[in-house]
Structure formats: structure tokens, C-alpha cells
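Trainee: Take a look at the letters that make up each chain.
There are 4 protein chains.
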Amino acid sequence: MAFSDAIFAIIITLLVLDLRPPDVPPGHLLSGLLGQWPAYVAYLASYSYVAVVWLNHKAAFNRIQQTDRGLHWMNLLVLFTTALLPFPTIVVSHALQEHDKADQRVAIAFYALIGASLCATWLAFYHYLARRPDLLKEQVRHEFFRIERIRALAGVLLYALAGVLGYLVTPLVGLAIFLLPPVFYAVTSAGLYHFRFIRRISRRAPPSAG
Amino acid sequence: MAFSDAIFAIIITLLVLDLRPPDVPPGHLLSGLLGQWPAYVAYLASYSYVAVVWLNHKAAFNRIQQTDRGLHWMNLLVLFTTALLPFPTIVVSHALQEHDKADQRVAIAFYALIGASLCATWLAFYHYLARRPDLLKEQVRHEFFRIERIRALAGVLLYALAGVLGYLVTPLVGLAIFLLPPVFYAVTSAGLYHFRFIRRISRRAPPSAG
Amino acid sequence: MAFSDAIFAIIITLLVLDLRPPDVPPGHLLSGLLGQWPAYVAYLASYSYVAVVWLNHKAAFNRIQQTDRGLHWMNLLVLFTTALLPFPTIVVSHALQEHDKADQRVAIAFYALIGASLCATWLAFYHYLARRPDLLKEQVRHEFFRIERIRALAGVLLYALAGVLGYLVTPLVGLAIFLLPPVFYAVTSAGLYHFRFIRRISRRAPPSAG
Amino acid sequence: MAFSDAIFAIIITLLVLDLRPPDVPPGHLLSGLLGQWPAYVAYLASYSYVAVVWLNHKAAFNRIQQTDRGLHWMNLLVLFTTALLPFPTIVVSHALQEHDKADQRVAIAFYALIGASLCATWLAFYHYLARRPDLLKEQVRHEFFRIERIRALAGVLLYALAGVLGYLVTPLVGLAIFLLPPVFYAVTSAGLYHFRFIRRISRRAPPSAG
Numbered sequence: 001m002a003f004s005d006a007i008f009a010i011i012i013t014l015l016v017l018d019l020r021p022p023d024v025p026p027g028h029l030l031s032g033l034l035g036q037w038p039a040y041v042a043y044l045a046s047y048s049y050v051a052v053v054w055l056n057h058k059a060a061f062n063r064i065q066q067t068d069r070g071l072h073w074m075n076l077l078v079l080f081t082t083a084l085l086p087f088p089t090i091v092v093s094h095a096l097q098e099h100d101k102a103d104q105r106v107a108i109a110f111y112a113l114i115g116a117s118l119c120a121t122w123l124a125f126y127h128y129l130a131r132r133p134d135l136l137k138e139q140v141r142h143e144f145f146r147i148e149r150i151r152a153l154a155g156v157l158l159y160a161l162a163g164v165l166g167y168l169v170t171p172l173v174g175l176a177i178f179l180l181p182p183v184f185y186a187v188t189s190a191g192l193y194h195f196r197f198i199r200r201i202s203r204r205a206p207p208s209a210g
Numbered sequence: 001m002a003f004s005d006a007i008f009a010i011i012i013t014l015l016v017l018d019l020r021p022p023d024v025p026p027g028h029l030l031s032g033l034l035g036q037w038p039a040y041v042a043y044l045a046s047y048s049y050v051a052v053v054w055l056n057h058k059a060a061f062n063r064i065q066q067t068d069r070g071l072h073w074m075n076l077l078v079l080f081t082t083a084l085l086p087f088p089t090i091v092v093s094h095a096l097q098e099h100d101k102a103d104q105r106v107a108i109a110f111y112a113l114i115g116a117s118l119c120a121t122w123l124a125f126y127h128y129l130a131r132r133p134d135l136l137k138e139q140v141r142h143e144f145f146r147i148e149r150i151r152a153l154a155g156v157l158l159y160a161l162a163g164v165l166g167y168l169v170t171p172l173v174g175l176a177i178f179l180l181p182p183v184f185y186a187v188t189s190a191g192l193y194h195f196r197f198i199r200r201i202s203r204r205a206p207p208s209a210g
Numbered sequence: 001m002a003f004s005d006a007i008f009a010i011i012i013t014l015l016v017l018d019l020r021p022p023d024v025p026p027g028h029l030l031s032g033l034l035g036q037w038p039a040y041v042a043y044l045a046s047y048s049y050v051a052v053v054w055l056n057h058k059a060a061f062n063r064i065q066q067t068d069r070g071l072h073w074m075n076l077l078v079l080f081t082t083a084l085l086p087f088p089t090i091v092v093s094h095a096l097q098e099h100d101k102a103d104q105r106v107a108i109a110f111y112a113l114i115g116a117s118l119c120a121t122w123l124a125f126y127h128y129l130a131r132r133p134d135l136l137k138e139q140v141r142h143e144f145f146r147i148e149r150i151r152a153l154a155g156v157l158l159y160a161l162a163g164v165l166g167y168l169v170t171p172l173v174g175l176a177i178f179l180l181p182p183v184f185y186a187v188t189s190a191g192l193y194h195f196r197f198i199r200r201i202s203r204r205a206p207p208s209a210g
Numbered sequence: 001m002a003f004s005d006a007i008f009a010i011i012i013t014l015l016v017l018d019l020r021p022p023d024v025p026p027g028h029l030l031s032g033l034l035g036q037w038p039a040y041v042a043y044l045a046s047y048s049y050v051a052v053v054w055l056n057h058k059a060a061f062n063r064i065q066q067t068d069r070g071l072h073w074m075n076l077l078v079l080f081t082t083a084l085l086p087f088p089t090i091v092v093s094h095a096l097q098e099h100d101k102a103d104q105r106v107a108i109a110f111y112a113l114i115g116a117s118l119c120a121t122w123l124a125f126y127h128y129l130a131r132r133p134d135l136l137k138e139q140v141r142h143e144f145f146r147i148e149r150i151r152a153l154a155g156v157l158l159y160a161l162a163g164v165l166g167y168l169v170t171p172l173v174g175l176a177i178f179l180l181p182p183v184f185y186a187v188t189s190a191g192l193y194h195f196r197f198i199r200r201i202s203r204r205a206p207p208s209a210g
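Protein chains in written order, with this note's numbering: chain A, 1 to 210; chain B, 1 to 210; chain C, 1 to 210; chain D, 1 to 210.
Keep in mind that the hints were calculated from the coordinates and are not lab data. All residues carry an ideal CB built from backbone N, CA and C; glycine is no exception. Hints are supplied without guarantee of correctness; some may be wrong.
Every beta carbon over 12 Å from chain A, so not counted as near; a handful from chain C, in silico [unchecked claim]:
| no. | residue |
| --- | --- |
| 1 | 47 |
| 2 | 58 |
| 3 | 135 |
| 4 | 150 |
| 5 | 169 |
| 6 | 184 |
Examples of chain A residues lying across from chain B (beta carbon under 7 Å, computed) [what the hints assert, rightly or not]:
| no. | residue |
| --- | --- |
| 7 | 9 |
| 8 | 21 |
| 9 | 26 |
| 10 | 30 |
| 11 | 77 |
| 12 | 143 |
| 13 | 147 |
| 14 | 160 |
Chain A with its partners taken away, still in its complex shape (with noise of 0.2 Å):
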């Protein structure tokens, strides 16, 4: 968790070194500013995103017992993906700056492939517990991490739409959407099991977990 945690902390913060003073000539600082406008929609909607994996994550080991070796992997595996996401987002901030729509539609593209594979590692973190309810604590229903991965694979439809549209139609529309998935994860990062419409699929009580 240590380890973890420590990562996602640097991670969120690495981000800001994308943002720099812009190149512009003397006396149009401002323009300048006001021009990077998409390296602010990257970094905010990357800020979000690695706040809501971080937040995720506390909420998975909080209901968590034990780990064995294929969990570490697991986790490995969510923190290799988390830890690439700088990557794609200067990516996507410097191709908005320029101006070239083709090469934008790369950017986007790019980044919903890096944000879809983070969303593919948490689902496959999900299902590992899915399938080892023996790692869990005692009073965590087997549903629970069942139904998590639902959210996971909202997560890679929500990318993978971000990616098809922001290649196809306009780079800004997926832009756009990159900022859903924060707010999705955000508003169920207790868990999808404490939506009533999910629980009744499931026909269980309410885990009462920390």
C-alpha cells in the first residue's frame, strides 16, 4: 500500500512539470497562457483520473485480507499502466497547441488507448478477486468485486468511445469525454454494489466492509 501509494502521490504530481511557461515572444505572456489552454484540460482531466485510481485502489484493499503473489502482479500490472499516463498527456497537450488535426486525432486516439489499457487492468485486478474470495476480508459479499468490474469495463467503453470519436469526428470531442470517467469512478468509488438498481440485480444485503 505503501509502495502504492507513494506512486500515485508522485504520479499526480510529475504532471505539473508539462505546464511551463509559454514560447511565446515578449509582451504576450498572456496570449501565451491563455493559448495552452488544452495542456490545462490534459493535466486536469489526468489529475482527476489518477486521483479516482487512487481512490479506487484504498477502496479495494480496505476490503482486501490477505495478498498473494498474482495480486501483487495485479497490482503491478494497475500501477505500470497508471504510471504511463504522463506520457499520453503531453502528448495530447502539445499536438492541441499545434495545429495539425491529423496529428491531434493520433493524440486523442493515443491517450484513449492508455486510458482504456488502465481501465483493462483494473478490470483484470477486479476479476482476480472475483475469483480469490479467500484474499478477502471476512464480511465482504463474493458480489462485491464481481460487480466492480462493471465499472472497469465502463471505463474502457467510455476510452475506447473517447478514442473513436475524437479520431473520427473532432479531436475536442474526445477531449471532452476524457473528463467523464474521473467523474464517473469519483461518484462510484464506494463501489457500484451500493447503487441500489446493481444491488437488485444481485438480490444480496449490502457489504458492510470499511
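We have chain A; now place chains B, C and D onto it with these hints.
Mentor: Only chains B, C and D this time, still in chain A's reference frame:
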């Protein structure tokens, strides 16, 4: 706390990355280093700002018994604006080393904007706690965080003043004022509540909380 | 442990800073991103290397009861060579993106040198523990760290091989071999002692240490 | 402690960011890497310096029972000068790779200034503790931190010497002396108190504190 502490530690340490060897012709290193003085002032201002934010954060969480989701988000908001600080720091430091007055004013105003936003997130943080006495440790007086809001508000006003004076009068005035809030927060980091004239307003005994 | 863990977390996360938007003319982002593949391989090699170093470190300290000054310095030596890793990583990644074969050979040999040095510090670390059973937890077999030295030595040899082949034959062979030690260390991260044919050599029961 | 430890870990790891692929024409990577040797010496000097600062910090806090606000600020002062270290490191490393003797002298003197300041903050730190025995653990002798001040003072003098000789005689002499204080601090990191000839001066039994 560990996650927040790590973030503060990283931000405060990343600031040094903006201190670089000056880009001067051979034989001019000394004058180059001296000519970078605005970078040192900006570094000092931001270093002390993050240091007192960390002290405040510690002082606040020492009084908190338990967190809920709302407090979590308030905390992430504080971390978000703090994590942004290296960006205006380097913008100010660059602008003051160029010789364009207009840019320097914009840079000072920009730093003031982020500095004030950071205080504003503290205002929200303290306000939340002032309305949720159930989250606090038993021995903490309800007035404590109500009064803490004054400190946050003072910061908002100080940075606003720095921004306005730096923009309208001269950038160096703004830069000088940037050094004040950290001093103010350092002196009052145990809480305004401990100052007699503030206590007199609320007419209550001092809290014994750690 | 906390200090070491933080260092591993920082190193592993800093690696991403070397993944940058490619410096290509407008409209060539896609080919530019694809053309950076050596950077991705180098990133993957170093990321996995640090990840397994962390796992090994954890596995070793789980068996250690108390540290003394000598072990402290052994640990700082391991941290030193690990902290160096981002340097050869970016050297390899740059060289492979230029088209000079001689430089590529040098870069691969350089990475191999640092990689082998890192394994050599582990060799020293394990050797120290092999000779100081009094520092270990009671239930840890004395053979454990004696046998662990084989793992470290295997790493030294693998990196040496990668360096020689990469230098004399072709750089890509070296690059490919760089991916092997992390896999080897990952598979054996619980200690070679747990492998039956190794155990047979030392003719003893397995340790029950965590 | 956790906050300080994180800062030391980050500083020590950030140093590697200044080791970059040399900017040489194709086919000259080897000579380029070798030509960067001053960067390696500077890296080694600063890495070892931060490592011993961390060891000293640990050794000091092992003897401290409780902190007060004054000690908090002394600690932040030590962290401030330590966090600055990557700046003179890169200035020295750059200057020694250019071929201007005047700049090299300035760079060495600048590093010496920061190095000496860091020791001076330790002097203040130890002095504070020497006058506040109530903050120390019971079994720690009052003389302990009084004597520790000698170590800090020795560092101030060593860096001053390196600066003066490096500036007046030749930069490389200064660079060589920079490697001495870390060695001195490493050897004495358990406290000068443990050296017999120092103990004789204070005529007391050794402390049994961890």
C-alpha cells in the same frame, strides 16, 4: 495523511528543478547566477508556501477524528491547487528574467490567482469542518475551524492584493507581498484560536487539542 | 524500509519523464510515436527491473530481524545503483533512435554495465547476510541468503552477456536480453530456495519465513 | 520523520535527472559519456551528501523524545538547504564540462557555499537540541548534541576550504574536497560522542540511546 504528506514532499522538492545553470556566454557564470535572483525569490516564496500548507494540513488533521467522502474531496481540492504551484512559480521566475513589464505584470497576477485559489480551497476545507463538528476529536472546540476560516480568508485577500498591486503598480511589489502569506501562516499555524484577541471574540475557553 | 520504498517508487515513476512527444514535423505524430519504440522497450526493461528489485528488497527485509551499520551501507549501495538506472535507460533510448551503430553498441554496453553493477551490489548484500545469520529472523535457514547469491550472480552474467553480444554482434540482441533478468527475478522473487532442485543441493527443509 | 524521509528520498533520486545523454555528433557517444565525468563526480558527491544527511537525521531523531515548534522550524531549515543541493550540483557539472576556468571557480565556490550552509543549518539544529535537553529521550546524555555541533562545524569548515581552494587554486581541488565531508559524516554518523578522544574531553559515560 501519508498520501497528502508524500504529495507535499514531492511538490516542495520539485521546485528546485526550475533552478538551472544560467544560459550565459562563457566567463559570465557569476553575473548569470546573480541575474537569476527572481528565480530564487520565487523559489523561496513557493517553498515556504508549501511548507506552511503542510504545517496547516498537519494541524488540521490532528484535530480530525474521522474523515468522510466530503472531507476527502476537500482534501483533494487543497492538494490540487498546491500541486499547481510550481507552474506559476516558473512563470514568474521566467518573466522577471525577461525585460518585458507587461509580461511581468501578467506573471505576478497569475501567481496571485493560483495563490489565492489555494487559500480559497483552504477556506472551503475549514468551512466544511466548521459545519461538521462530528468529524472532529472530542476536545476540539466547535469555534476552532470557524475561526480558522479567517486565516484562509486573510490569505485570499493578501494574494489578491499582491496581484492587484503587482499588476497595476509594479511587479516587484507583488513579488514582495508573496513572501508575506507564508510568514503569516507560519506564525498562526497553531490556529488563530490561540491568539487572545481572537479568543475574546468567541468568548470561550481554549481547546486542549494537540 | 520506508526510505528505500520511497526511492524505488520515485525511480520507477521518474522513468516516464523520458517518454516525450516525438520531435517530428506536423502531420507525422503517428510515425513519430511508432519510431520511438526503442524508448518503450527501454522503459519496459527498466520499469520491470526496478519492480523486481523492489520485490527482492521486500523479500529480503521480510527475513531480516535487525539491521546494523554494515547492512545499512549495503542497502545504500543497492539504492545507489538502482537510482542510476534512469541514466543508461535514456542513453539507450536516445542511441537507438539515432542511426549510428557504433553509438548503439556503446549505449547497450553502458546499460549492461549499470545493470550488472546493480546485480553485483545485490551479490554483496546477500553475501553480507549470508555471513551474518544473527541479523536474520529465527526461522530463516542460514542457507537462504547463501543460495540467493546465485540469483544475483545469474543477473551479473546475464547483463554481461547482453553487453558483450550487444556490443559485438548487434545492439538489438542486447536490448532483447535486457528483458530477461526482470523475468528471471520475478519468477524467483520468493527465493531460489523454494525451487526443488536448488533445495536438493543444500539438503535442508524449506524455511517458513514470510 | 515520514515527511523528511520522503524529501530526502526525492532529492537523492532527482539528482539522476541531471545525468543526460551527451550532446555529441553521431559516433562519439563513448567519448561523450567519458567527457561527462565531472557530472558523475558531482552526482557522487551530492548523492553521498544527501545519504549521510539522511543517516544523521535518523540518528538525531532516534534521540528525540518530542518535538516543539522551534525544532520543527530547525528541521524545515535543514530540509530547505538539502532540497537546494541539486541546483549547485548541476551548476558545477555544467561548468566543468565547459572550458572556462573563471566559471568553474565560481561554480565550485557556489557549491561550497550551499554545502557549508547545509552544515550551518545542522549546527543550528544541534545547537537547539543542546539547549533543550527536555526534548531528548531520557537516556541521552546532555553532552551528546553539544558535541555533535563539532561535526557540523567541521563540515562548514571543510566546504569553506573547498570553496576557497577551488576558487583561488584550481577547481578540481575543490571538487575533490567535496567528496570528503560525506565520508567524514558517514564515519561519524553514530555521533562523535562514540569516539574515545572526544569522550575524554567531556569526561562522561557514553549514552546508551539507539
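Trainee: Holds or violated: is the Cβ of residue 30(A) closer than 7 Å to a Cβ in chain B?
Mentor: Hint on residue 30(A): holds, closest Cβ of chain B at ~5 Å, below 7 Å.
Trainee: Looking at residue 135(C) again, its CB stays over 12 Å from all of chain A?
Mentor: 23 Å, holds
Trainee: Taking 7 Å as the limit, does the beta-carbon of residue 147(A) come near enough to a beta-carbon in chain B?
Mentor: This hint is violated: residue 147(A) lies away from chain B, its Cβ roughly 19 Å from the closest one there, beyond 7 Å.
Trainee: Please confirm whether residue 169(C) is truly not at the interface, meaning its C-beta sits more than 12 Å away from all C-beta atoms of chain A.
Mentor: The claim stands: residue 169(C) keeps its Cβ more than 12 Å from every Cβ of chain A (closest is about 30 Å).
Trainee: Hint residue 21(A) vs chain B: min CB-CB distance below 7 Å?
Mentor: 4 Å, holds
Trainee: So residue 184(C) supposedly isn't at the interface. Is its beta-carbon more than 12 Å from every beta-carbon in chain A?
Mentor: 15 Å, holds
Trainee: Minimum Cβ distance from residue 9(A) to chain B below 7 Å?
Mentor: Interface hint status for residue 9(A): holds (4 Å vs cutoff 7 Å).
Trainee: Does the interface hint hold: is residue 143(A) within less than 7 Å of chain B, judged Cβ to Cβ?
Mentor: 22 Å, violated
Trainee: When the nearest CB of chain B is found for residue 26(A), is that gap smaller than 7 Å?
Mentor: 4 Å, holds
Trainee: Does the nearest C-beta of chain B fall within a distance shorter than 7 Å of the C-beta of residue 160(A)?
Mentor: 27 Å, violated
Trainee: A cut-off of 12 Å on Cβ-Cβ distance, and residue 150(C) was said to be off the interface with chain A. Does that hold?
Mentor: 21 Å, holds
Trainee: Verify the interface restraint on residue 77(A): the C-beta must sit less than 7 Å from at least one C-beta of chain B.
Mentor: Interface hint status for residue 77(A): violated (21 Å vs cutoff 7 Å).
Hints 1, 2, 11, 12, 13 and 14, counting from the list given before, are not met by this structure.
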